[in-house]
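Colleague: Given next are the chains, with one letter for each unit.
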Amino acid sequence: MAQIAMATGFILILIGLYGALTNRNLLRMIIGFTIAHSGVNLVLVAVGYLSGRTAPILDSAVPMAEAAERIIDPLPQALVLTAIVIGVGVTALMLAYAYRIYVTKGTLDIGKCRELKW
Amino acid sequence: MIRRAFVLLLLLALGAIFLDLLLGFVPATELNETARYYAERSAADLGTANITTAIIVTYRGLDTLGEVTVLFLTAAIVGLVLSWGRRSAEGPQRQLLPTGELLTTGKNLLVPLILLLGVYVFVNGHLTPGGGFQGGAILASGILLMLLTDPMKRFSHGMISAVESFSGLVFVGLGLLGVALAGGFLDNRLLPIGTVGELFSAGVIPIIYSFIGLKVGAEFSSMLVNLSETEDS
Numbered sequence: 001m002a003q004i005a006m007a008t009g010f011i012l013i014l015i016g017l018y019g020a021l022t023n024r025n026l027l028r029m030i031i032g033f034t035i036a037h038s039g040v041n042l043v044l045v046a047v048g049y050l051s052g053r054t055a056p057i058l059d060s061a062v063p064m065a066e067a068a069e070r071i072i073d074p075l076p077q078a079l080v081l082t083a084i085v086i087g088v089g090v091t092a093l094m095l096a097y098a099y100r101i102y103v104t105k106g107t108l109d110i111g112k113c114r115e116l117k118w
Numbered sequence: 001m002i003r004r005a006f007v008l009l010l011l012l013a014l015g016a017i018f019l020d021l022l023l024g025f026v027p028a029t030e031l032n033e034t035a036r037y038y039a040e041r042s043a044a045d046l047g048t049a050n051i052t053t054a055i056i057v058t059y060r061g062l063d064t065l066g067e068v069t070v071l072f073l074t075a076a077i078v079g080l081v082l083s084w085g086r087r088s089a090e091g092p093q094r095q096l097l098p099t100g101e102l103l104t105t106g107k108n109l110l111v112p113l114i115l116l117l118g119v120y121v122f123v124n125g126h127l128t129p130g131g132g133f134q135g136g137a138i139l140a141s142g143i144l145l146m147l148l149t150d151p152m153k154r155f156s157h158g159m160i161s162a163v164e165s166f167s168g169l170v171f172v173g174l175g176l177l178g179v180a181l182a183g184g185f186l187d188n189r190l191l192p193i194g195t196v197g198e199l200f201s202a203g204v205i206p207i208i209y210s211f212i213g214l215k216v217g218a219e220f221s222s223m224l225v226n227l228s229e230t231e232d233s
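In the order they appear, the protein sequences are chains A and B.
Letter by letter, the first sequence follows residues 1 to 118 of this note's numbering.
Letter by letter, the second sequence follows residues 1 to 233 of this note's numbering.
The following label-pair restraints were derived from C-beta to C-beta distances:
| id | chain 1 | residue 1 | chain 2 | residue 2 | range |
| --- | --- | --- | --- | --- | --- |
| 1 | B | Phe6 | A | Leu27 | 20 to 28 Å |
| 2 | B | Val70 | A | Ile31 | 21 to 29 Å |
| 3 | A | Leu27 | B | Leu10 | 18 to 26 Å |
| 4 | B | Thr69 | A | Ile4 | 31 to 39 Å |
| 5 | A | Met1 | B | Leu176 | 42 to 50 Å |
| 6 | A | Ala55 | B | Gly24 | 20 to 28 Å |
| 7 | A | Ile4 | B | Leu176 | 40 to 48 Å |
| 8 | B | Arg3 | A | Ser60 | 55 to 63 Å |
| 9 | A | Met64 | B | Thr29 | 17 to 25 Å |
| 10 | A | Ser60 | B | Ala16 | 44 to 52 Å |
Here are the computed lysine to any residue pairs in the SDA-like style, where the Cα-Cα straight-line distance is at most 25 Å:
| id | chain 1 | residue 1 | chain 2 | residue 2 |
| --- | --- | --- | --- | --- |
| 11 | A | Lys117 | B | Leu11 |
| 12 | A | Lys112 | B | Ser83 |
| 13 | B | Lys107 | B | Leu227 |
| 14 | A | Lys105 | B | Leu227 |
| 15 | A | Lys112 | B | Leu8 |
| 16 | B | Lys107 | B | Ala137 |
| 17 | B | Lys107 | B | Val123 |
| 18 | A | Lys117 | B | Ile2 |
| 19 | A | Lys105 | A | Leu95 |
| 20 | A | Lys117 | B | Ala5 |
It should be emphasised that the hints constitute simulated quantities derived from the structure, not laboratory data.
Idealized CB from N, CA, C, for every residue including glycine.
Model the full assembly from the supplied sequences, consistent with the hints where possible.
Modeller: Here it is in structure tokens:
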């Protein structure tokens with residue numbers, strides 16, 4: 001089960017990077033990065049998954065005494081929560097810069113931005 | 001085409017690394033030592049039912065403070081980048097089609113419920129799946145629905161910044177109070193821990209997480225509002 005999620009995550013990373021590297025349109029590149037980002041999160045969550053266990057929340061089904069035997073690893077989940085929030089910020093930043101480039105250059109084609117090209 | 005070949009070669013190499021990682025991955029059958037500590041101690045020491053919340057707000061609270069700071073910086077930079085050379089709002093605006101009846105009625109019905117759900121999610125962050133970040137994102141989705149219905153609607157930037165700054169100050173202030181009155185920075189045992197599973201339990205975790213929720217909601221809203229205000233320029 002964890003391997004399937006992990007393989008899906010790796011495939012998503014590859015798809016996202018392929019999209020970001022081959023497309024010339026800034027919006028498509030941003031979407032590629034977002035897909036790769038989802039893949040990274042999926043891999044991280046899959047690392048903390050333990051077969052046959054439940055979410056790290058204590059209630060009547062998971063009493064405090066049995067917690068260590070019944071729950072999955074809570075740490076990757078906390079890290080992925082951080083990563084998702086930072087990812088939203090990064091995406092918003094990329095969109096804002098794409099908008100600025102569109103306003104200054106009148107195009108979203110990355111091939112037309114030649115100032116930093118060597 | 002040589003560029004595409006390079007890209008494919010690069011991805012193939014990366015894929016080989018991933019395949020190696022995947023084949024060598026052996027899922028654990030037992031919790032490792034850190035996770036076991038969190039699983040056994042967080043309810044007894046901190047009084048939270050949701051162990052992920054205990055990690056985010058208390059054990060690794062400093063990380064969360066850093067994360068909220070990064071988010072604040074991002075929101076500020078988005079505002080800065082988008083406001084360069086913006087024309088005044090008085091200029092001729094793009095004519096939009098009137099919003100449909102369905103969307104308007106749906107918005108009137110749904111926005112209060114969405115905001116209520118957001119508040120519920122972050123107030124109960126220490127008991128149920130969810131918390132400040134998720135609740136804040138839900139609050140911002142309510143704002144997004146309002147912007148979809150009326151793209152020319154203007155939210156007060158001062159109000160958003162005030163909510164954001166106040167929540168940030170409360171977060172840091174409670175952390176510092178923890179140094180003075182409890183075990184250290186962001187220690188939640190300022191208030192009594194109470195019974196695990198009740199709303200008023202886990203010390204200051206619900207308070208901190210509620211203010212994180214407000215702060216995240218304000219930051220996401222400010223990004224959305226800034227992006228939406230590019231419409232009329």
